[in-house]
Amino acid sequence: MGNLEPTTDEQATTAPAGRNTVLHETGRVIESLPAYGKHHILRIHAPKSAAVITPGQFLHIYCNGPIEQISDRVLDPVPGPSGLKRLKRKPLLRRPISVFRRDSAQGEISILFRQVGLGTEVLSAYGAGDNVDILGPLGHGFDLDGDAPALLIAGGIGIAPLTALAAELLGRGRSVTVLAGMRDALSFPLLLDNSSTILGCKAGIALMCEMGAVSAVASEAGEPGTHPGLVTGLLEMFLEQDEAEDYEAFICGPGIMMARISDMLIEAGVPGQALLEERMGCGIGACMACVCRTRTREEETKYSRVCVDGPVFDIKEVVW
Amino acid sequence: MAGGVRTNVEIAGVSLKNPVLIASGVCGYGLDFRCLADYRPEAVGGLVLKGTTLKPRDGNPPVRLVETAGGVLNSIGLQNIGVDALISDVLPQLAGSGSAVILNIAGHEIGEYVTVAERLAAAGGFNALEVNISCPNVAKGGMAFGIEPCTAAEVIGAVSHAVSGRFPVIAKLSPAAGDIAAVGLACVDAGADALSLINTVPGMAIDARRRRPVLANGVGGLSGPAIKPIALLRVRQVFLALKKARKNTPLIGMGGIVTAEDAMEFILAGATAVQIGTATFYDPQIGAAVAEGLEEILLDNYRCSGRDKDLNIRHYIGALEE
Chain A
5 MGNLEPTTDE QATTAPAGRN TVLHETGRVI ESLPAYGKHH ILRIHAPKSA
55 AVITPGQFLH IYCNGPIEQI SDRVLDPVPG PSGLKRLKRK PLLRRPISVF
105 RRDSAQGEIS ILFRQVGLGT EVLSAYGAGD NVDILGPLGH GFDLDGDAPA
155 LLIAGGIGIA PLTALAAELL GRGRSVTVLA GMRDALSFPL LLDNSSTILG
205 CKAGIALMCE MGAVSAVASE AGEPGTHPGL VTGLLEMFLE QDEAEDYEAF
255 ICGPGIMMAR ISDMLIEAGV PGQALLEERM GCGIGACMAC VCRTRTREEE
305 TKYSRVCVDG PVFDIKEVVW
Chain B
279 MAGGVRTNVE IAGVSLKNPV LIASGVCGYG LDFRCLADYR PEAVGGLVLK
329 GTTLKPRDGN PPVRLVETAG GVLNSIGLQN IGVDALISDV LPQLAGSGSA
379 VILNIAGHEI GEYVTVAERL AAAGGFNALE VNISCPNVAK GGMAFGIEPC
429 TAAEVIGAVS HAVSGRFPVI AKLSPAAGDI AAVGLACVDA GADALSLINT
479 VPGMAIDARR RRPVLANGVG GLSGPAIKPI ALLRVRQVFL ALKKARKNTP
529 LIGMGGIVTA EDAMEFILAG ATAVQIGTAT FYDPQIGAAV AEGLEEILLD
579 NYRCSGRDKD LNIRHYIGAL EE
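In order, the protein sequences belong to chains A and B.
The first sequence begins at 5 in this note's numbering and counts up one residue at a time.
The second sequence begins at 279 in this note's numbering and counts up one residue at a time.
Do not take every clue at face value.
[Claimed, not checked] The calculated SDA-like cross-link candidates involving lysine to any residue, where the alpha carbons are at most 20 Å apart (straight line), are:
id: 1; chain 1: A; residue 1: Lys52; chain 2: B; residue 2: Met482
id: 2; chain 1: A; residue 1: Lys306; chain 2: B; residue 2: Leu332
id: 3; chain 1: A; residue 1: Lys94; chain 2: B; residue 2: Ala504
id: 4; chain 1: A; residue 1: Lys94; chain 2: B; residue 2: Asp457
id: 5; chain 1: A; residue 1: Lys94; chain 2: B; residue 2: Thr537
id: 6; chain 1: A; residue 1: Lys306; chain 2: B; residue 2: Gly360
id: 7; chain 1: A; residue 1: Lys306; chain 2: B; residue 2: Pro334
id: 8; chain 1: B; residue 1: Lys333; chain 2: A; residue 2: Ala263
id: 9; chain 1: B; residue 1: Lys333; chain 2: A; residue 2: Thr305
id: 10; chain 1: B; residue 1: Lys521; chain 2: B; residue 2: Glu288
id: 11; chain 1: A; residue 1: Lys42; chain 2: B; residue 2: Arg487
id: 12; chain 1: A; residue 1: Lys52; chain 2: B; residue 2: Asp316
id: 13; chain 1: B; residue 1: Lys587; chain 2: B; residue 2: Asp561
id: 14; chain 1: B; residue 1: Lys333; chain 2: A; residue 2: Thr300
id: 15; chain 1: A; residue 1: Lys52; chain 2: A; residue 2: Lys42
id: 16; chain 1: A; residue 1: Lys94; chain 2: B; residue 2: Lys506
id: 17; chain 1: B; residue 1: Lys506; chain 2: A; residue 2: Pro95
id: 18; chain 1: A; residue 1: Lys52; chain 2: B; residue 2: Asp561
id: 19; chain 1: A; residue 1: Lys94; chain 2: B; residue 2: Pro503
id: 20; chain 1: A; residue 1: Lys94; chain 2: A; residue 2: Pro51
id: 21; chain 1: A; residue 1: Lys306; chain 2: B; residue 2: Lys525
id: 22; chain 1: A; residue 1: Lys306; chain 2: A; residue 2: Ala248
id: 23; chain 1: A; residue 1: Lys306; chain 2: B; residue 2: Ile359
id: 24; chain 1: A; residue 1: Lys94; chain 2: B; residue 2: Ala483
id: 25; chain 1: A; residue 1: Lys306; chain 2: B; residue 2: Lys333
id: 26; chain 1: B; residue 1: Lys506; chain 2: B; residue 2: Arg490
id: 27; chain 1: A; residue 1: Lys94; chain 2: B; residue 2: Asp561
id: 28; chain 1: A; residue 1: Lys94; chain 2: B; residue 2: Val344
id: 29; chain 1: B; residue 1: Lys506; chain 2: B; residue 2: Asp457
id: 30; chain 1: B; residue 1: Lys333; chain 2: B; residue 2: Glu288
id: 31; chain 1: A; residue 1: Lys306; chain 2: B; residue 2: Ala363
id: 32; chain 1: B; residue 1: Lys525; chain 2: B; residue 2: His593
id: 33; chain 1: A; residue 1: Lys306; chain 2: B; residue 2: Asp336
id: 34; chain 1: A; residue 1: Lys306; chain 2: B; residue 2: Ala494
id: 35; chain 1: A; residue 1: Lys94; chain 2: B; residue 2: Gly348
id: 36; chain 1: A; residue 1: Lys320; chain 2: A; residue 2: Arg297
id: 37; chain 1: B; residue 1: Lys506; chain 2: B; residue 2: Leu518
[What the hints assert, rightly or not] Examples of chain B residues toward chain A, derived with CB under 10 Å:
id: 38; residue: Leu332
id: 39; residue: Arg489
id: 40; residue: Ile508
The hints are simulated quantities; they were obtained by calculation from the structure and are not laboratory data.
Glycine residues also receive a C-beta, built at the ideal position from the N, C-alpha and C atoms.
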């Protein structure tokens, strides 16, 4: 806009407008913690990423290395059901993983993930001292400019990025209320008791409560101390309050849950942002694989790239 | 360039500082990579931009991509900004980027290919035109043209006529063709200045639990190391067919290249240059690493043999001993 044309050199090293510079960093695992069920936490020393990543942004992690170090644990032939040897293969693509906690002073990032496939399975086999190949930070994180009280709504592993968000919002002096849904106690890495720990690492809801958030949990299995049913039931009760529309919502969970939650929020006049997930190729906007349907200002729809146009979108923008 | 090593090549009059190109579809319009802190666009021979059609295209619904054993299956469906936006918004930004810019065009009828090629040739600002007659992901995305020699020749002939020598025309061939050598020869006879091969291999992934295809489109194109042996054979077949017909049309080989050794295999099979696609997903700078690795291979060979010609990449093209 009225600036001089950039030179070739500047062009080559300048991120496209509205995008941050993406770093390639080799992090080092400090601690590898199996959590409930198939959940896992990795604490990683990655000072460059830890210094700049914001809640909602993600890291693109190459779950292929260090093969030599993890081969004994994961990649060796293991007996299959029929007694045949089953050889597990190496993942080819990076896996987009959001940040669960960060400590920029210590240069540390924690990720909390559920083993759902090859990539996360290999990642859960990383141990202390292993190197982690990280590309990031990627994507647009949550817009934190508002000052309304925050309503965080999580489904399943969606709790992970919302934990980092809660820390940031509480640090900015905003009040935080968390509504979380889970299938059963084992499907969710949270603890209903604020004082509990998972192998010394406080996770999910417990952590947010400790930081000063108010929480309510729903479980489909009706675990003791939870609201039996879906998180939508909790939201229904929440929205009955007169002051509900003063809140700003932040949601993350399965697509079907976010679709329903968005409808309820929009109908109640509560603004919100949703963190989406999609299978990714490059993670930097080039391959057009990870799209979601969004509305333009003219009420037309188009495919937007989750990796660079998101992963956080206004709930009114997404066509679920 | 170390110790007299020469890796520069020429494709139909376009000089490439090294034979490594980034394939169409993985580098968008060449601008997204600029977000990378240590990006060195000048380290590769060039970029092949996203396949572009006359009008902007929405593409296929997600899921569009899934990892399979040793590969990636995709069905993007040619989502692109259309030729006019390419000319007005993208090409000016790529001027002076330090390596070749090759545009990739697609269409659902010959007239569309011709119009796109005409507009681009008139606009300029690039080095060559790759014609996609092999996209497996759109009902009429070009693959239908690339299966048979006569239809492939029709498209390539029409595009060559439209471009009328202003830019080299590269025909991108499909591994789904029954006789890829015949299709390649027909394209050369119709005016193609170079051939690139192979495009992705049509494939399918199934989610057994849901009893559904993983990709929303059902069918996709397979890429990555899984297809390398298929690609090497196709390059060799086309190279030998051209040689027999006394044509010296250059080939650009691709399919599963991850290392410099992979690239050298394609060159020995008959490729003058190579393209890297899927591997950029896990390492966006892999093109630079492969280009540097090729130099090391040449140097190693020279150290073993003491022959000067082992330092020049051109002496390896098609030099497979059978």
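So, going through the hints one by one against the coordinates:
1. A:Lys52 / B:Met482: Violated: lysine 52 of chain A and methionine 482 of chain B sit about 39 Å apart, past 20 Å.
2. A:Lys306 / B:Leu332: 18 Å, holds
3. A:Lys94 / B:Ala504: Holds, at about 13 Å.
4. A:Lys94 / B:Asp457: 34 Å, violated
5. A:Lys94 / B:Thr537: 16 Å, holds
6. A:Lys306 / B:Gly360: The given pair, whose Cα atoms are some 14 Å apart, holds under the 20 Å limit.
7. A:Lys306 / B:Pro334: Holds, at roughly 11 Å.
8. B:Lys333 / A:Ala263: 31 Å, violated
9. B:Lys333 / A:Thr305: Roughly 16 Å between the alpha carbons, so the hint for lysine 333 of chain B and threonine 305 of chain A holds.
10. B:Lys521 / B:Glu288: Holds - the C-alpha atoms of glutamate 288 of chain B and lysine 521 of chain B are around 18 Å apart, at most 20 Å.
11. A:Lys42 / B:Arg487: 19 Å, holds
12. A:Lys52 / B:Asp316: Judged against 20 Å, a Cα distance of about 14 Å means the pair holds.
13. B:Lys587 / B:Asp561: 32 Å, violated
14. B:Lys333 / A:Thr300: Measuring from Cα to Cα gives roughly 18 Å; hence the hint holds.
15. A:Lys52 / A:Lys42: Given pair lysine 52 of chain A, lysine 42 of chain A is violated - Cα atoms ~29 Å apart, limit 20 Å.
16. A:Lys94 / B:Lys506: 17 Å, holds
17. B:Lys506 / A:Pro95: At roughly 17 Å apart (the allowed maximum being 20 Å), proline 95 of chain A and lysine 506 of chain B satisfy the hint.
18. A:Lys52 / B:Asp561: Measuring from Cα to Cα gives roughly 18 Å; hence the hint holds.
19. A:Lys94 / B:Pro503: OK: lysine 94 of chain A and proline 503 of chain B at ~12 Å, within 20 Å.
20. A:Lys94 / A:Pro51: 27 Å, violated
21. A:Lys306 / B:Lys525: 46 Å, violated
22. A:Lys306 / A:Ala248: Given that 20 Å is the threshold and the Cα spacing comes to 31 Å, the pair is violated.
23. A:Lys306 / B:Ile359: 12 Å, holds
24. A:Lys94 / B:Ala483: Holds. Lysine 94 of chain A to alanine 483 of chain B sits at ~18 Å (cutoff 20 Å).
25. A:Lys306 / B:Lys333: Given that 20 Å is the threshold and the Cα spacing comes to 14 Å, the pair holds.
26. B:Lys506 / B:Arg490: 28 Å, violated
27. A:Lys94 / B:Asp561: 15 Å, holds
28. A:Lys94 / B:Val344: Roughly 15 Å between the alpha carbons, so the hint for lysine 94 of chain A and valine 344 of chain B holds.
29. B:Lys506 / B:Asp457: 18 Å, holds
30. B:Lys333 / B:Glu288: 32 Å, violated
31. A:Lys306 / B:Ala363: The given pair, whose Cα atoms are some 16 Å apart, holds under the 20 Å limit.
32. B:Lys525 / B:His593: Answer holds: lysine 525 of chain B to histidine 593 of chain B is near 18 Å, not above 20 Å.
33. A:Lys306 / B:Asp336: 7 Å, holds
34. A:Lys306 / B:Ala494: Since the Cα atoms of lysine 306 of chain A and alanine 494 of chain B sit roughly 16 Å apart, the hinted pair holds (cutoff 20 Å).
35. A:Lys94 / B:Gly348: 8 Å, holds
36. A:Lys320 / A:Arg297: Distance ~12 Å between lysine 320 of chain A and arginine 297 of chain A Cα, so the pair holds.
37. B:Lys506 / B:Leu518: At roughly 18 Å apart (the allowed maximum being 20 Å), leucine 518 of chain B and lysine 506 of chain B satisfy the hint.
38. Leu332: 18 Å, violated
39. Arg489: Where the cut-off is 10 Å and the nearest Cβ of chain A is about 18 Å from arginine 489 of chain B, the hint is violated.
40. Ile508: 17 Å, violated
The structure is inconsistent with the numbered hints 1, 4, 8, 13, 15, 20, 21, 22, 26, 30, 38, 39 and 40, although it conforms to all the rest.
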